[in-house]
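Protein chains in written order, with my numbering: chain V, 31 to 144; chain U, 32 to 140.
A hint or two may mislead.
Claimed, not checked - Think about it this way: if two alpha-carbon atoms lie no more than 30 angstroms apart in a straight line, the pair counts; the simulated DSSO-like pairs of lysine-lysine are:
hint, chain 1, residue 1, chain 2, residue 2
1, U, Lys90, U, Lys101
2, U, Lys127, V, Lys108
3, V, Lys113, U, Lys127
4, U, Lys88, V, Lys87
5, V, Lys108, U, Lys90
6, U, Lys90, V, Lys72
7, V, Lys72, V, Lys87
8, V, Lys72, U, Lys127
To be verified - Reference excerpt, derived from the structure (chain V facing chain U, CB under 8 angstroms, subset only):
hint, residue
9, Tyr61
10, Ser85
11, Ala118
12, Phe121
Claimed, not checked - Taking CB as the label site, the calculated pair distances span:
hint, chain 1, residue 1, chain 2, residue 2, range
13, V, Leu69, U, Val75, 18 to 28 angstroms
14, U, Ile139, V, Ser85, 24 to 34 angstroms
15, U, Pro140, V, Glu98, 39 to 49 angstroms
16, U, Val75, V, Ser85, 17 to 27 angstroms
17, V, Val42, U, Gly113, 32 to 42 angstroms
18, V, Pro32, U, Leu117, 37 to 47 angstroms
19, U, Thr132, V, Ser85, 22 to 32 angstroms
20, V, Gly102, U, Ala99, 37 to 47 angstroms
If you're looking for bench data, these hints aren't it; they were derived computationally from the structure.
Remember, it's a predicted structure, so these values are computed and weren't measured experimentally.
Just so it is clear, CB atoms sit at the ideal spot from N, CA and C, and this is done for glycine as well.
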Amino acid sequence: EPEVTQTPSHQVTQMGQEVILRCVPISNHLYFYWYRQILGQKVEFLVSFYNNEISEKSEIFDDQFSVERPDGSNFTLKIRSTKLEDSAMYFCASLPGLYTDTQYFGPGTRLTVL
Amino acid sequence: TQLLEQSPQFLSIQEGENLTVYCNSSSVFSSLQWYRQEPGEGPVLLVTVVTGGEVKKLKRLTFQFGDARKDSSLHITAAQPGDTGLYLCAGRYNEKLTFGTGTRLTIIP
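Chain V with its partners taken away, still in its complex shape (with noise of 0.2 angstroms):
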């Protein structure tokens, strides 16, 4: 069965530096989001994606946050200069069409900010 998949599964930095999260996803999918869980919180909205454009955003992605679908395969987070409250879980999801509700997750990416 496709999935989506997510490199690097554990990613650590040091504060300021980018990072840059890599997501596959299923593959004739048209949209695709990322959403981040903060240790303890609740999954948390950061961006829906279509048609190579930013479609919705939360107040979370602000500048520092960017995406990117580089090759029409490729599905990326950069974070410009992280932050300590940058530390968090961050899944990748894709949906096939409008016409359906089912997002397929990723396993996430746990990123670590010293």
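Following the hints, position chain U against chain V.
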């Protein structure tokens, strides 16, 4: 901003008992989903309810969407240790999923 509150936050019951988890909001959602999340993994979809008043059954799990599409419940009959986990509800508004606060369920053998 849509908020979803789940109750209880923690629930620990004996194997064989029944339980109900609630998911409440003041906002209307186009659909509501229930997920189960294992430690260190992403949420896995259990069910989606779309129509107000809709009831869906998945073996021993019964999901209901409130008539006003603002709340939902998950009922488990004859709970088993394998049901132990974190259960999340999530409401869809436009493309965005708003997740609930989660219910951590422990079934004691």
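We went through each hint and held it up to the structure:
1. U:Lys90 with U:Lys101: Answer holds: Lys90 of chain U to Lys101 of chain U is near 24 angstroms, not above 30 angstroms.
2. U:Lys127 with V:Lys108: 20 angstroms, holds
3. V:Lys113 with U:Lys127: 25 angstroms, holds
4. U:Lys88 with V:Lys87: Cα-Cα ~33 angstroms, so violated.
5. V:Lys108 with U:Lys90: 41 angstroms, violated
6. U:Lys90 with V:Lys72: Given that 30 angstroms is the threshold and the Cα spacing comes to 27 angstroms, the pair holds.
7. V:Lys72 with V:Lys87: 17 angstroms, holds
8. V:Lys72 with U:Lys127: 15 angstroms, holds
9. Tyr61: 7 angstroms, holds
10. Ser85: Result: holds, 6 angstroms to nearest chain U Cβ.
11. Ala118: 13 angstroms, violated
12. Phe121: 5 angstroms, holds
13. V:Leu69 with U:Val75: 18 to 28 angstroms: 19 angstroms, holds
14. U:Ile139 with V:Ser85: 24 to 34 angstroms: Since Ile139 of chain U and Ser85 of chain V have Cβ atoms about 45 angstroms apart, the given range 24 to 34 angstroms is violated.
15. U:Pro140 with V:Glu98: 39 to 49 angstroms: 48 angstroms, holds
16. U:Val75 with V:Ser85: 17 to 27 angstroms: 24 angstroms, holds
17. V:Val42 with U:Gly113: 32 to 42 angstroms: 34 angstroms, holds
18. V:Pro32 with U:Leu117: 37 to 47 angstroms: 25 angstroms, violated
19. U:Thr132 with V:Ser85: 22 to 32 angstroms: 26 angstroms, holds
20. V:Gly102 with U:Ala99: 37 to 47 angstroms: 41 angstroms, holds
Hints 4, 5, 11, 14, 18, counting from the list given before, are not met by this structure.
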